[in-house]
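**Student:** If you read the sequences in order, they're chains A, B, C, D, E and F. Each number in the working numbering corresponds to the 1-based position in the first sequence with 194 added. Each number in the working numbering corresponds to the 1-based position in the second sequence with 194 added. Each number in the working numbering corresponds to the 1-based position in the third sequence with 194 added. Each number in the working numbering corresponds to the 1-based position in the fourth sequence with 194 added. Each number in the working numbering corresponds to the 1-based position in the fifth sequence with 194 added. Each number in the working numbering corresponds to the 1-based position in the sixth sequence with 194 added.
No lab work stands behind these hints, which were simulated from the structure alone. Ideal Cβ positions, reconstructed from N, Cα and C, are used throughout, including at glycine. Among these hints, one or two may not hold up.
[As the list claims (entries may be wrong)] Straight line, CA to CA, 30 Å or less: simulated DSBU-like cross-link-like pairs of lysine-lysine:
1. B:Lys342 - F:Lys355
2. E:Lys355 - E:Lys342
3. B:Lys343 - F:Lys342
4. E:Lys355 - C:Lys342
[Said to hold, decoys possible] Which residues of chain E face chain A? A partial, calculated answer using Cβ under 7 Å:
5. Gly223
6. Ala308
7. Ala311
8. Lys342
There are 6 protein chains.
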Amino acid sequence: MAPEDRIIDAVVALDPLADLPRTGWLLRGVRPCETIAEHSFGVALVAMLLVDELRREGETVDGERVLRMALVHDAPEARTGDVPMPVKGGALESAIHDLELELARQVLTTEAFASYAEAEAAESLEARIVKAADKLQMMIKASVYEQKKRGALDEFWANPKNFRDMGIPLARRVYERLRVRSGRAAPAPP
Amino acid sequence: MAPEDRIIDAVVALDPLADLPRTGWLLRGVRPCETIAEHSFGVALVAMLLVDELRREGETVDGERVLRMALVHDAPEARTGDVPMPVKGGALESAIHDLELELARQVLTTEAFASYAEAEAAESLEARIVKAADKLQMMIKASVYEQKKRGALDEFWANPKNFRDMGIPLARRVYERLRVRSGRAAPAPP
Amino acid sequence: MAPEDRIIDAVVALDPLADLPRTGWLLRGVRPCETIAEHSFGVALVAMLLVDELRREGETVDGERVLRMALVHDAPEARTGDVPMPVKGGALESAIHDLELELARQVLTTEAFASYAEAEAAESLEARIVKAADKLQMMIKASVYEQKKRGALDEFWANPKNFRDMGIPLARRVYERLRVRSGRAAPAPP
Amino acid sequence: MAPEDRIIDAVVALDPLADLPRTGWLLRGVRPCETIAEHSFGVALVAMLLVDELRREGETVDGERVLRMALVHDAPEARTGDVPMPVKGGALESAIHDLELELARQVLTTEAFASYAEAEAAESLEARIVKAADKLQMMIKASVYEQKKRGALDEFWANPKNFRDMGIPLARRVYERLRVRSGRAAPAPP
Amino acid sequence: MAPEDRIIDAVVALDPLADLPRTGWLLRGVRPCETIAEHSFGVALVAMLLVDELRREGETVDGERVLRMALVHDAPEARTGDVPMPVKGGALESAIHDLELELARQVLTTEAFASYAEAEAAESLEARIVKAADKLQMMIKASVYEQKKRGALDEFWANPKNFRDMGIPLARRVYERLRVRSGRAAPAPP
Amino acid sequence: MAPEDRIIDAVVALDPLADLPRTGWLLRGVRPCETIAEHSFGVALVAMLLVDELRREGETVDGERVLRMALVHDAPEARTGDVPMPVKGGALESAIHDLELELARQVLTTEAFASYAEAEAAESLEARIVKAADKLQMMIKASVYEQKKRGALDEFWANPKNFRDMGIPLARRVYERLRVRSGRAAPAPP
């Protein structure tokens, strides 16, 4: 396949991310709400800011890998839409994981798929930054929606899964600061 | 639980169906598009009309069972959103089926869940009417969207799975009529 | 007319119910808001649940008739849109009633029109269940919108017309439970 | 009542015009579509342009009266929403006319109501300009929607009621020009 | 150019005002929000009501000029969209002013442009009424949005620029009344 | 300022990008349309794919810098909204450029602002990739909207400014391929 077609095909394949809503917001009355593309943009932004602060702390991070993973981490949802998290638990989880891997392979180029797979593995520091950014973006968005009176989002703050720090102390501190700024007590240590 | 709470809880549990889009339309550029509640209303309507015509043909049908099944056939989607069909194929299918059964049990009353389970089994004439109505409603909606220039829906007409008649000749004839009215040739016999 | 056309024509004629908003919500700042099709789905759901509970209480109810009426009770609005209730009072009421009857005849099949007419008469137990479900669905929806901070709906709770029980004690008890759950005192007996 | 309250009350009473859709567009698949406030703005604009051209032709017109009528000509719809025209025919027409007059009185100040009443009478040149502008705006909007591929609007061009010129030759010439520009033949003379 | 084309061209040129949002509302979480056309309608309405009250007070006002200015005061935004006010400060202000003047000339007829230019000069009593109405409409809309729980608009009430009275005591009194009605203290005298 | 606040503040400051529409689509009838955040996501995606293909061609590219610039290249629009291009020509251009630089400084962290400034300078290969991706994303989106019948976008294909390749032959080839795939002749060489 010519490089031109490879580029156009991948962009067209991911285009639905800009029409598909983040289901979790809809379920709580935010309508219209953020799309998956907007979320992915936000995750890349948070990840970039985390990289900058980690470097200030002396950490060595491969920034390109972080940003690539952030951009494609929800790529399979261009085919399935955003399926809310509670669903993904239980015996179903590995079946969905396999499907998403296959869909990611279909919609992404070779290089982009490698980024997706690294993000899924969630092992490298870079992948963990993306995983943390995924939740940090969500909770910052929740606080913005609350401030703008859109929807009923209390349960977001009660769900410990929404505060995943992936072993990155900076991420933990952002969650804590966010709780304080939204008028909620910082969570007890796990 | 008091009957009052049973009623309110079930209605509230299914309320998200009125905020969740039918993902297939979004993927093809219809925006805004039909919600799952609007689809369920349409399926019940088509099913009612099928019952009336089948009775004219001399068939005996339990109309109440048909309408109950139509109303709750997508109940689990109040928790997961509408996951487009291509996803449901392969090894994943039975895992999703199990999950949906469990979610249906959570959101529905005992009687309503019985209707859901009968629809899923897809064996009784009544259940087959609902399954056919599910696709008939979708294809009539596709023709309405096309007539109103909303989205690009050609592929809907090319997918044989969208013309499931469940062994009901009347359903088959509606599909054929619909193809003619939308300016497409009737499909070859299977 | 062939049965196929009869089915397609009726579904197409009622299709606008999925694009037309329930005006009362718009007037109070819920935007986007429920469509007439979503409301009709909800009324059918509430009616089904009422039937189940009435049967548990020993009542004999024709469930099919109830569900048919619920599905078509707003059929004429496919031509006029939802006209808010205050308008329908006074000398205008019978003129609008006549028009709606005529529009229902135009958009519905013979059997479906019979259901519409029975619902309008509001005499049979089945028709009264549908009339009660019409308001019960509205008040449950109002409580859901309130919980999700969509719009300003206080006046809904102050309007006695929104608590019509049609002589069905179960309906009365659902209203009362709903008031309590929404943090409002139960209304004084009439 | 203090002048301040009179102003605020009237603006608040007409505020729903900015949330209520023009039903006719929705019925033909334009979604989202123009609101009544946007329509009223457009009618005032067309009316102003008609006044300017009529003056160039040597006509004497009271421009203020024209613009006042244009602004309030749909005021009662702030309470009822836009009820599509086909409905307003027949025996119902005078009943609705009476209701609208009463609603206009409720939502408008004394001076604004006088403008509404003059527009309804449709006798003065100024009122006829507004009535013509009402339809001219609609047909220009239809041509814009068509050019932007929003909805299916053919029937608008086939309905003679949409080309009401109120005895104003200039209005007639604008309709004819619009037909030509939209690729349709000019209508035969009446 | 023929009068017919002059009319159609101007209406088409201003048509985007009905699709373009008032950016300030979006920035504060009102979504969907008022369009520029809806705002312009509201400004004309407020201006009309101000004229009526000023006349009651014995003032002589040219009502036609007021309404014409109100209708076209945001005409250039049909090309640029609504650019929020903070941006327009500083050295940029006169450059934007020049551009808007040029765009207004492009989209408006000769007579309509004269109204635009008079409004921009903001010197005549009539022009000052329109400038005051521009802000009065905005603050009345803010109070309506607040009452309907749409968005977070506190900062609107804190910004003195939003209470511009253009030397018209009546305008000042409306602002004060509005503050009281929205539960805020009247501002201190400047 | 603590790192936590620095991250949260920047994300909140850019949050409006997810509510602000790309004005150019609205002006041509795409409604709802892409937001600035969705566009920025798309630009980053295109830029990433360009980097991969350029590397295959043997080019050395700093991928991190490319992706950072793509993410923040429209950051000032979080304060102003998207102002359509035609406006930015003429004497106004440098004034707007200065304003955007100042706004970027306000909303971004030090490191992110450096990326913004590099993108604006448009000199490095990395910055030119982002500039090309900015237009490539737009034209791919135009072709997707056309395929889905959303809006009237012919003029996008006629405007040479929309085919800026920034001296990157690969970008040129993607534009040409896109023209062919959308059924348009490739443009004549400049």
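**Student:** Of the hints stated earlier, which fail here?
**Tutor:** 1, 4, 6, 7, 8
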